[in-house]
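Peer 1: Build out the structure end to end from the sequences listed, making use of the hints.
4 protein chains.
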Amino acid sequence: MIELVDNRYGKHRVRLMKVTRHAHGNDVHEWTVAILLRGDFTTAHTEGDNSKILATDTMKNTVYWVARQSKATTPEAYSCELIDYILERNPQVASAHVSIQAHLWKRLTVDGAPHPNTFMRGSNEVQTTSIERARDRAFDIRAGLSGLNLLKTANSAFSGFIRESLTSLPETEDRVFGTVVEAEWHYTDANIDYASTRTQTREILLRTFANHKSKSVQQTLYAMAEEVFNSVSAIDEIHITMPNKHCLLIDLARFGGDNPNEIFVPTDEPHGYIDAHLRRKA
Amino acid sequence: MIELVDNRYGKHRVRLMKVTRHAHGNDVHEWTVAILLRGDFTTAHTEGDNSKILATDTMKNTVYWVARQSKATTPEAYSCELIDYILERNPQVASAHVSIQAHLWKRLTVDGAPHPNTFMRGSNEVQTTSIERARDRAFDIRAGLSGLNLLKTANSAFSGFIRESLTSLPETEDRVFGTVVEAEWHYTDANIDYASTRTQTREILLRTFANHKSKSVQQTLYAMAEEVFNSVSAIDEIHITMPNKHCLLIDLARFGGDNPNEIFVPTDEPHGYIDAHLRRKA
Amino acid sequence: MIELVDNRYGKHRVRLMKVTRHAHGNDVHEWTVAILLRGDFTTAHTEGDNSKILATDTMKNTVYWVARQSKATTPEAYSCELIDYILERNPQVASAHVSIQAHLWKRLTVDGAPHPNTFMRGSNEVQTTSIERARDRAFDIRAGLSGLNLLKTANSAFSGFIRESLTSLPETEDRVFGTVVEAEWHYTDANIDYASTRTQTREILLRTFANHKSKSVQQTLYAMAEEVFNSVSAIDEIHITMPNKHCLLIDLARFGGDNPNEIFVPTDEPHGYIDAHLRRKA
Amino acid sequence: MIELVDNRYGKHRVRLMKVTRHAHGNDVHEWTVAILLRGDFTTAHTEGDNSKILATDTMKNTVYWVARQSKATTPEAYSCELIDYILERNPQVASAHVSIQAHLWKRLTVDGAPHPNTFMRGSNEVQTTSIERARDRAFDIRAGLSGLNLLKTANSAFSGFIRESLTSLPETEDRVFGTVVEAEWHYTDANIDYASTRTQTREILLRTFANHKSKSVQQTLYAMAEEVFNSVSAIDEIHITMPNKHCLLIDLARFGGDNPNEIFVPTDEPHGYIDAHLRRKA
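Protein chains in written order, with our numbering: chain A, 19 to 300; chain B, 19 to 300; chain C, 19 to 300; chain D, 19 to 300.
Just so you know, the hints here were simulated from the structure itself, not pulled from any lab data.
Careful: at least some of the hints might be erroneous.
Intra- or inter-copy, both count: the list cannot distinguish identical chains.
[Unchecked claim] BS3-like cross-link-like pairs, simulated, lysine-lysine; straight-line CA separation at most 27 Å:
{"no.": "1", "residue 1": "K36", "residue 2": "K231"}
{"no.": "2", "residue 1": "K89", "residue 2": "K70"}
{"no.": "3", "residue 1": "K263", "residue 2": "K233"}
Peer 2: If you want it as structure tokens, here you go:
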């Protein structure tokens, strides 16, 4: 006998660009949306009964339709509207999950002034939103970011670690520390200003990374989370992943030269992987 | 106050190629290895105390060292050796997790005969292994595959689904069904023949996909899992993800032509996403 | 004053899947098509005059339309039909270029027999076609392949190279030689059997790579080209690119171990780059 | 008989990070360097004679060595030094080509002030340099950019194009115009200020794209080139590629809604491809 422990389905990578037209110019939002539903889908699996299946193609149309109706300017608010729309019309759905990657388009500055309708793609950093609601329950709201590629060229050490027979890494008081931050935090409250809270949280992560006297990736990661809890009361949990994207110091001594911490090889693989989940204690 | 709910660290994307040299020729294995450790690392986070930290660079060296000592020919057996090696030498580590992606190199056939030492890279399909052991506990062993790109050009229907105001997808009794299977299964027993069990499980997944009269992705996915449970007694759980990589029928009628299910556009985004976790019931 | 030295435009990455239905089962071709046109487009640039512009969206529709009408089973024959179709209907076009990447779908073997309608994606190797015709001229036909990932674990040396103050690479008589072949050859004749000539040429490249006692990538590349010229009279030119995807031998001596050419790290960057263009001499 | 029409070899994707340490903080440059050499390498191909072969591994070391010795702060100046270093020491080399991709690291602003040693990765835009020198000849210097992802939400039309039986694209006076600019220009003079000329040229490309009333990609591309020639006397040639990354207007009328140029699907494939090479006329 087989038990269907869990099952979900939905539509992924629904890309959406929304252009809002004002008297003075345009705003643009580019989002990649994913929907995942849980519900009464057992007979779809066991019997091929599609009578309770909302086609994923219909979900895609719903993304566009709700985007057109919506006045939301944040992915958080839009996600909540999209979830409500789906739950209301689909009694067979027990819970709906929407996640959004928001891509950065920066308004171009031309001759010293912001241009009304021309934009340049920003970095690969993505602002993320992950919201779920079970029927008759409250929204569970997470926001975050990924692809935030940072580099510290000072105030980063790594020493005092275990030395054993397979250890070849020298201790260092001054290394280059590169990482690609991925963070996701949980809000206790659905009635906050999503945009300003996101901006504030991101600024704290950046400032703490920059100012920290780092003894390890772990310590810097922890300090970043600690500062978020100190400053943003609406956040009760945060999950941060910070790979260590190594920059290797080149040995020029073998060629009769020196290299006083100046010439490095940035590498993608292998890389250290550091990951922690932190919670505010009552 | 902050609670460190969970934390892990390790080395990712350690690439390894092992060439085994026989009288008659060579064998080659290419693996990408990741290690993740849990343990007594709180002061590393809170105080920058690295005295219990095994450097991830040392983990990388350990991957190579154990590979050289090992006689294992499967990623499962090698992962177990690597985990044992780390747990024995590192009392501060509570549990070690090793995951491996094994890449396919096919021996070249030249003039009708297998060549002793020349290989061609196979498809993007990867054989995966994910093994964890907590100190004083047994191995938890999962095997799987990802990137298995399959296509059915017959025996795939999708009809009888909900029709509502945003539904534009026509019902069809004959669609092209493309997917990229990701599957991971759990073994009840560490004393099986890993290689032959993997081969058998993969064959069942392929055969069931090919022979199924599909009414939906969900139904085909369920049938694939069911056949695995029917045939491989060492497996008690399986998790399968099967995105629906849509092949869209081109409308040539608007140009005065026809298209009797012949000309399609394969697309990558958006795509349907179907996912289920199944368990054998006692 | 500005001179428009050259200009081209077209549609890239038009993806096409063609399913041919027989009594006994189906065949499937997946092609990614690109069209580039040269012609009388100066006023489009200088005045925004689109009256001679065939929209790239129309080119996309033309790809589908011609695919439906065509009986061609090779990308070479189909490309010629597509070029003819465009040149005939567009007097403003001076020359049309079509390039195609053909992706490999392998028919699945189930219970020992080829399955009538299920396919598995092959490797990343792509069969390429690049054909151009100027109005009132003959077709210029090139075929090739890219992404052919090969590995030799024996019969590859690299020694006798220049040793100077910045040389750190040891000489070796036995290295692992990995490469990703890209080759494109030119046909003297449009009336050959495209499919069998392609198969034959590819087999020669593979066999020569496998059997060569290599002193360098350059020598192996040259030998591969030489064998093509020796065996395929319809080819008068070939261009081959063979990066050296280094597999680095791990130093285990520093840890008190040995590594008799067994454990390597495959790397993607940096990589050697070797490239030659060869011609049959009269 | 075989003629070796052309052959080149070198090292690609040599990654380099240079940290320059000042009293007040650090500067950082990240470059990906490629070297390609032409010269007397025929016997390497035909006989496996490596006596004139500078190993590509040595080229890699040379990249690091010259970077350490160099005071250059632009990829152009560094490339010239690297080429000179190679040509001087290697009489068998007839010409050396160096190309560099410079990646953007932006200094972080923390609490309103530029941080002395923390940086954030910018967009995927890359500043390119491509320089060649044949022995006893002058440097041939090209600079450029790639991955410059731009979007205009107004002042872009496309109408008046050919309408034929396979045309389905409606004419529009108001479309969203997205592109990823790749440009490379040639300098007549090696004695210019590379950094400021690059900045100026890039600004002109951006400003012209933003301010242009576009009737087509071709017209905008031409206007961009024209403005470069008008303003930067050291440039005599420019090559620009501007794919048309289509943003498709969603049809909501079929669901009883409207879409007044507001909701779009950005797509990656297929895409228009527009390419021109322009020269200043005497």
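Peer 1: Each hint should be assessed against the structure and marked as holding or not.
Peer 2: Going through the hints against the structure:
no.: 1; hint: K36 <-> K231; verdict: between (42 Å within a copy, 22 Å between copies)
no.: 2; hint: K89 <-> K70; verdict: neither (30 Å within a copy, 42 Å between copies)
no.: 3; hint: K263 <-> K233; verdict: within (16 Å within a copy, 36 Å between copies)
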